[in-house]
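Q: Here is what each chain is made of, one letter per residue.
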Amino acid sequence: MNALFSLVSALIAVAALVAVSWFGVGAIGLDSVFGVIIPYIALAIFIIGVVYRIVDWARVPVPFRIPTTCGQGKSLPWIKADNLDCPYNTWGVIGRMFLEVFLFRSLFRNSKAELREGPKAAYASAKWLWLFGILFHYSFLIIVLRHLRFFMEPIPSFVEAITSVDGFFQIMVPTVFISDLLFLGAVTLLFLRRVGLPQVRYISLPADYFALFLILGIGISGVLMRNFFKVDLLGVKSLAISLFTLHPAPPPGIHPIFYVHLFLVSVLIAYFPFSKLMHAGGVFLSPTRNLANVNRSERYVNPWNYPVKVHTYEEYENDYREKMKECGIPVDKE
Amino acid sequence: MELHDLPKPQDLMNIDLNKPPETGWMDTPTVFRNGTYSYPAAGKNLKILGLANPRQWSPADEDWKLPENWKEIILQGMKERLEKYRSFRLFMDICVRCGACADKCHFFIGSGDPKNMPVLRAELIRSVYRNDFTLLGKMLGRLGGGRELTIDVLKEWFYYFFQCTECRRCSVFCPYGIDTAEVTMIGRELLNLVGLNINWVIEPVANCYRTGNHLGIPPHGLVDMWQFMTDDIEDITGIKIDLPINKKGAEILFVTPSGDYFADPGTYTCMGYMMLFHELGLDYTWSTYASEGGNFGLFTSHEMIKRLNAKIYAEAKRLGVKWIIGGECGHMWRVIHQYMETMNGPADFLEEPVSPITGTKFENAKQSKMVHITEFTSDLIKNGKLKLDPSRNDKIIATYHDSCNTARAAGLLEEPRYVIRNIMNNFYEMPENTIREQTFCCGGGAGLGNDENIEMRMRGAFPRASALRHVVDKHAVNRLLCMCAIDRATLTALCHYWAPDVTVGGIHELLANALVMKGEKERTVDLRGEPLGDEEEDE
Ligand code: SF4
Ligand code: SF4
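Protein chains in written order, with my numbering: chain X, 81 to 414; chain P, 113 to 651.
Everything labelled a hint here was simulated from the structure, so no lab data went into it. Check each hint, because a few of them may be wrong.
Computed cross-link-like contacts, EDC-like style, restricted to lysine to aspartate or glutamate with a CA-CA straight-line distance of at most 20 Å [claimed, not checked]:
#1 X:K200 - P:D585
#2 P:K497 - P:D347
#3 P:K156 - X:D399
#4 P:K630 - P:D347
#5 P:K360 - X:D412
#6 P:K360 - X:E394
#7 X:K192 - P:E544
Chain P on its own, in the form it takes in the complex (with noise of 0.2 Å):
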């Protein structure tokens, strides 16, 4: 399905939140329509990985060719989960349906499905838990709110558990703190152990656990990308830059998001960084092995993280770097920021992280030893390193779309504002109900941006869609800002179809546009090779 396929927003909204289904939500059977739902993971995937039971399959088949003992195995699996997630447990105990997350999901909002309500989406699973795990469900079944785990409950669970973009936005609003996108992420992990998974998933883990990155680009077709993008930049600003790759004895190891490497509008952030590393005289290296920021292990299991992110210590290391930078990218710093430490450190090798520039150490990062670009670049800006024209940018009305996860599995949101504030002149934030803690996931976000679920994207996106309009009724915003790569795909298609005269982009972007640099020849285009100024309408 594509965005042209959809019906006009206004149609595709027509839907009414305060009306559930007549029949109560164990007898609403689950229908696998087209645009709702993601193609499952290919059988080769699978097997590169050694993951459970590869084979051909469609969820809109009558037979999914799951193993005989399918139902054994998942509740041993959940069993396991029970005993060793704090999170899980709990989650599974505590929540008093009062449902106050219920219209917090973007998914629910967009949809109008009670399932995608993030209460709903966990009691699929937790109504499987009372059955087998409670002493009550066990006594009462369905009249304990216990159900027993059939197919149809398993099909239930593949539909909505990836309907869930893991954004964490109803934790927020919990007063116990329930995190649905833990239940999800355990879910998608009871799910893997019977072959139920997304190719749009797999098939960057398993990409990224050969080549290194998500794409599969082997190290030969990095350097040529890379090569484009420097030709580029001297283009435009008569700088040559040599890139170093996997440079032994550097000071620094880069990591970013593949998916900056290769489509626009990535690929001008992507110049950024080496535009601004480039004017610092930063002696820091790129790394092909680890030349993956992003981990859709985090989509995948807690096992698949870990096994993913191996490599960015390991290549610290053998590269013998003293600290890394991470770029712009979301889920990646949910897992550099709350799980790499823990997985692969302590990482004793490394050395506490301190600005060669501005001599700033990074105290909260001292212990992983991993710096967010922006905490860097807006120390850089703070102390007056860097040499900033910010009418550059001038042509550009921006707001700032936060990602779900620095905004709530990290709190990075000033860092990225200082930095925006300091590049550009005209900048206006969305209503507050959507931005910071508050902010509304792409819609796209934990594997879903696929073409086949254009659909449930496009609903998804509707929340974040309807406060961009705000901004741009009101300010004429015209440039969608953000801090992730996922987001530069996800929300590019989410303006086609919401505001179609919005472009996306992330901060370094802008910042290399505004980036006065030595001996660089006066810019007349920015980094899209667009004219900077008027010029085009003086003619």
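If we strip away everything but chain X, and leave its shape as in the complex, we get (with noise of 0.2 Å):
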């Protein structure tokens, strides 16, 4: 796979996706199908799929218990035991999984080898991914719990209480949220990332830069409809309300840049069961994670275990009883 074509091919993608909302709407007027229809669609696909791959996962048996163990294990009671890193009972995955998912507890180890005169091999502390990927998941999380103002009337509080502390720094107004520029900072810099250390180029598939453009198309569109065209947000609301209530109604006279956003969101989250992103889901069912390191203490079925053909003790003696019994070994059959 060619870096560039990776890279040019997930552009003209989410580029076209981007046109072809904004003619959708703003030239065709098609805003019952980029409001209603594709919205509509997009999330039963996002349902579906979500639930289908994880139970289609979940069926798939976990044959052996194989966790990586990253610290010492329970062994003789004086040996100090790491139940996080190495847990010995479900306390101590459920805490494993706990620091995987929310604070990329094996992200944090990244390093960078480097070769030096010598030669030598140094690692220096790569943290550098770990912090973006923090970013963008969280202020993606913020993000996502802040849109929840227009789907609920009257708004959660804690919705309103996000809000007003995501937009402490009333610099401008509209509001610019510290959410909004952390998540497109992370996304740029992931970007940046990908097409700028050799190793991650060189790996990418046009998969990875769709994700990423779709997203930062997601990001910027949203703060371009909120901050530079005003959008009418009651109008937004009232669309939103009423897809939620199965009243599609989409009031006249959004601006298009609202629906280039609804459509690269519904894009997002139809294309999200087939993709890379089910990360989200897979990493809860990864058995070198999610498992205790209780091999030998406790016991562990393979469903489909079978008989399989061995070398019979009986076997063995038949071919050396002679030699046994003349070097003094004991046999069973004389």
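Dock chain to chain to rebuild the complex, using the hints, since each chain is given by itself in its own frame.
A: Now the structure itself:
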């Protein structure tokens, strides 16, 4: 896979999506296609797709208990065991998964190998990926939570609270949210990292750039519609509520930039179940992380364990009986 | 190829980790260069095991003499495994290509070949998965990251799946725990379906199947070898040891890798076990049938693991022992710890292990009934049951190499260190990015420790060697300790090439040096027959 090919094809795809929705609404007036039909279909694909994928994974058995142990296991009572990096009970597993899912524990270990004269290998700390990842995922979360205000009436108080903290620096009107800035910054950094580091550039597929551009497109269109085009937010809210109460009615006159935003979100959620974005669900099922290191103390059953051909002791003794007797090894059959 | 054919270390490492080839990885052909691949399995060995497609062939040939329908076999094999292993399925689906694992593989650090980045190693098979098993891949083809399974792709698999030592280091750093070792294991299983395997794995497997050990030593041969060792022990200590062999009714069965029966420095560790057990007056037995702790089935297929591993419980049952102790080995402990009980258990005919010397219950082994030798020994030391004279090891300045599998597949980190600290006075750790769960492979695990593959081995050995050289410079370390029979062979080559003043050895060798035995004569030499103190210099 050629790096430029990956990048350009993804860029073209996302640009095409933007153009389609911009002209679809702006020039042809397909408000209800982009405002109602596509979001409904996308949401349906998302829900069915995610459930399907998770169920599909879950029904594949885990034949062996194969945790990657990253700390001292539990053995003798006076040796301090590390329940978080090498869990010996369910609490340990929960703790390990919590650290992995919420704090990206494994990424935090990241280092960068460098070659020096000697020759020598050196390992520099490289927490950037961890930092960008954390910033990206948490600002994304806050933004999603903030968006609940469009679907709920009255607006829940926690949403109001998040919004007011997030918009604390009211330097502009309308408010510029910190999470928006962090989000756009983090996605950009993730992108720069992908094209900037030769190793990562070399492994990147069109799908990797596609997800980044799509998300970046969503962020940019969101900020544009709010802060520059000053889209009619009451209209947006009435559309959102009408969608959720299953009485869809797109109000006239919402600026096409909003439909670009909505369309990119629709594409993202419809694409989600078929893509690497499913790592969000998959991480919970990873057998190297979600199993306890209790292999020798608790039984673990492989549902498809089957009998295999072995070379029995009897066959072995038949092969060597005389020799065994000669050198004084006891035998079963004289 | 041999060590002296290799360029000097500095020249060998004249590589750049940040300069991948101009061509994308799907368009970069695989070159089978001498010194970087292993010879294929001999047909006779495949026949013994009833494995597919026994024949004469070479990876350097154009024609690999595959069955007509090889592609169908592989794709069918993939489908089956996608439905049997959640690990495989998930690891095919959720990688985000973040690259966190990229420079964590010793083969990448030592070769700079991007297909040795764990993520790309997995992508070799993932690309075929996308092409043939996913909706978007089927629709988008190459644009969706898919590619067709061609003969060149298959050859690439062979090259790179036998360039992974299944060490699991990548999986420590992956945010989703994606374990490329698991992908390699499945990849090798698939290759085996069409008769693509290497002799350095399959010959030990065939030997082990027939004779009970990797080296193919028949029972009378074993007795001879063990006898040599007890003779040596008598020379050194004046104590004559009668080894219990295939003894019915013994309390404990002892199983250890056969690599330690015949070659230095493993033999010294083996002598160490004999001396320890003798001194304790342990009621135990060696077995000629279960004379192998190691299990190269792990590098072949899950089925083969089970076929070879079955001997241990079967022998324990036949001899009527109560429980089992296992010796120093790396991959053996992956199998014993993570697979044995599931595959061949439950072993209800055994009892929960209790040390007859200290009364300690080994709760952590209450189900599988197999205890690691350093668990056993560290418990003895903790309870003051051994009389030790660490000064007998004063000539040795040691560091300790964690085996990949005891570290990352069992969490056995402190037990060996506790023993080491009690049997010697000079012990220094290597830098923290290179030990414990972040330990680097010796470069020759998973069946790759053969001579023909020596260049790739020494490349893979580089990160470990670099850390070793660090403590050699800083603390004048002269002994690399390890707890693994493969290591004792492969690290020896590593030291020859990278750190010529360092010798390699096991933990129980030094334990036995330090062990003050009842009725022993005054010791003047260590287990290697070398003078204990500085007498030489005094002369
Ligand atoms: S660290 Fe995990 S997710 Fe990231 S590239 Fe490697 S295997 Fe993929
Ligand atoms: S398991 Fe070890 S050898 Fe294999 S890809 Fe991962 S780091 Fe490399």
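Q: All hints are to be evaluated individually against the structure, with a verdict given for each.
A: To see whether the hints hold, each was checked on the structure:
no. : hint            : result
1   : X:K200 - P:D585 : holds (12 Å)
2   : P:K497 - P:D347 : violated (25 Å)
3   : P:K156 - X:D399 : holds (18 Å)
4   : P:K630 - P:D347 : holds (15 Å)
5   : P:K360 - X:D412 : holds (10 Å)
6   : P:K360 - X:E394 : holds (15 Å)
7   : X:K192 - P:E544 : holds (14 Å)
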